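Q: Based on the sequences and whatever the hints tell you, model everything.
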Amino acid sequence: MVITMNYNETFLYAIKDKSSLPKGVTPSFFIGTPYPILEETENKLLTILSGGTVEVPEEFVLPMQPLDCHMLLYTKKGCGTLRLPKKTYQLEAGSLLYLDCSISPEWEIEMSEPGWQYTVFFIKGDQLSYYESLVPFSQAVLITVSSYSIILPSLEKLLQQGNSATLRNKLVDASVLNSIITELWIEAFHMEAPERKCPSYLIEIKQTLDTFFMNPLRLDDLESKYHISKYRICREFSSVFGIPPLKYLNKRRMEIAKNLLLSTDKHIHEIASELGYENTNHFINLFKKETGLTPMVYRDTISS
Numbered sequence: 001m002v003i004t005m006n007y008n009e010t011f012l013y014a015i016k017d018k019s020s021l022p023k024g025v026t027p028s029f030f031i032g033t034p035y036p037i038l039e040e041t042e043n044k045l046l047t048i049l050s051g052g053t054v055e056v057p058e059e060f061v062l063p064m065q066p067l068d069c070h071m072l073l074y075t076k077k078g079c080g081t082l083r084l085p086k087k088t089y090q091l092e093a094g095s096l097l098y099l100d101c102s103i104s105p106e107w108e109i110e111m112s113e114p115g116w117q118y119t120v121f122f123i124k125g126d127q128l129s130y131y132e133s134l135v136p137f138s139q140a141v142l143i144t145v146s147s148y149s150i151i152l153p154s155l156e157k158l159l160q161q162g163n164s165a166t167l168r169n170k171l172v173d174a175s176v177l178n179s180i181i182t183e184l185w186i187e188a189f190h191m192e193a194p195e196r197k198c199p200s201y202l203i204e205i206k207q208t209l210d211t212f213f214m215n216p217l218r219l220d221d222l223e224s225k226y227h228i229s230k231y232r233i234c235r236e237f238s239s240v241f242g243i244p245p246l247k248y249l250n251k252r253r254m255e256i257a258k259n260l261l262l263s264t265d266k267h268i269h270e271i272a273s274e275l276g277y278e279n280t281n282h283f284i285n286l287f288k289k290e291t292g293l294t295p296m297v298y299r300d301t302i303s304s
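Numbering-wise (this note's numbering), the sequence shown opens with residue 1 and increments by one.
Rather than coming from a laboratory, the hints here were simulated on the basis of the structure. The model shown is predicted, which means the values in this text are computed figures rather than measured ones.
Simulated restraints, written as ranges between beta carbons of each label pair: (1) Pro85 with Thr291: 39 to 45 Å; (2) Ser138 with Asn43: 18 to 24 Å; (3) Asn281 with Ser229: 31 to 37 Å; (4) Ile243 with Thr33: 35 to 41 Å; (5) Val61 with Arg232: 51 to 57 Å; (6) Asp210 with Gly292: 23 to 29 Å.
Within a straight-line C-alpha distance of at most 27 Å, the following computed DSS-like cross-link-like pairs (lysine-lysine) qualify: (7) Lys288 with Lys247; (8) Lys289 with Lys266; (9) Lys77 with Lys87; (10) Lys157 with Lys288; (11) Lys230 with Lys289.
For each residue, glycine too, the CB sits at the ideal point set by N, CA and C.
A: Put into structure tokens, the structure is as follows:
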């Protein structure tokens, strides 16, 4: 059963000062297009309430009351500002914000720079509370999204999906949202936990793997550089990040491979080479082991 839901009205009701809206502009300028809801999947799956890509034509400030939902907001260009009672977030180009809109008695968002353009989705689902239990979470998480992150093609896929109220669309939405939030939470964990709980050399190793993933990794080289046994490095890296350095590097490369497969027309051997694999067949085997699909089948399946 399709539930017709006017999320514009819900959002408008939560605005504390209606005069703050730009003249002649409805709340949809901020929240995108309302999505119809399927009763059988509501809350059971991660569900989009409203969303789209928006370019703000003029300055605005929106003082908000609590909303029973969460927000994902990716800034494409320009800059916005989120103000909570105890913290302010600058929403700069390339940043992704996750916000629980229900916690604070009030929150405020404004355009900080002319021409702010962003992709926004208001979402809900029972799984979100579990995600939030995994990291030190108060109300918001803000990360800078790498150009290699799977988050960018995932957001584009949500936009291409449209808001059709079919079961297939709702299942795809839920799958893509899970992917985005999982990646977001991985980054959130790295921001919250490692700096406080592990030696700085481990953070440096991880940053090297994240940035120079195309370079070969030899544990002997790490041992020589840090004057620490490679066995200890593997043990301590695994303790903090849940996976040894070599496996982390391969996993990082596989995530980047997924992004390149979906966002470019590069041949498989080109992607393999760009990621540091000299043997294309070895790359294909590793990719299939990670995803259950060959790179070509993955591209054809996810893109269709």
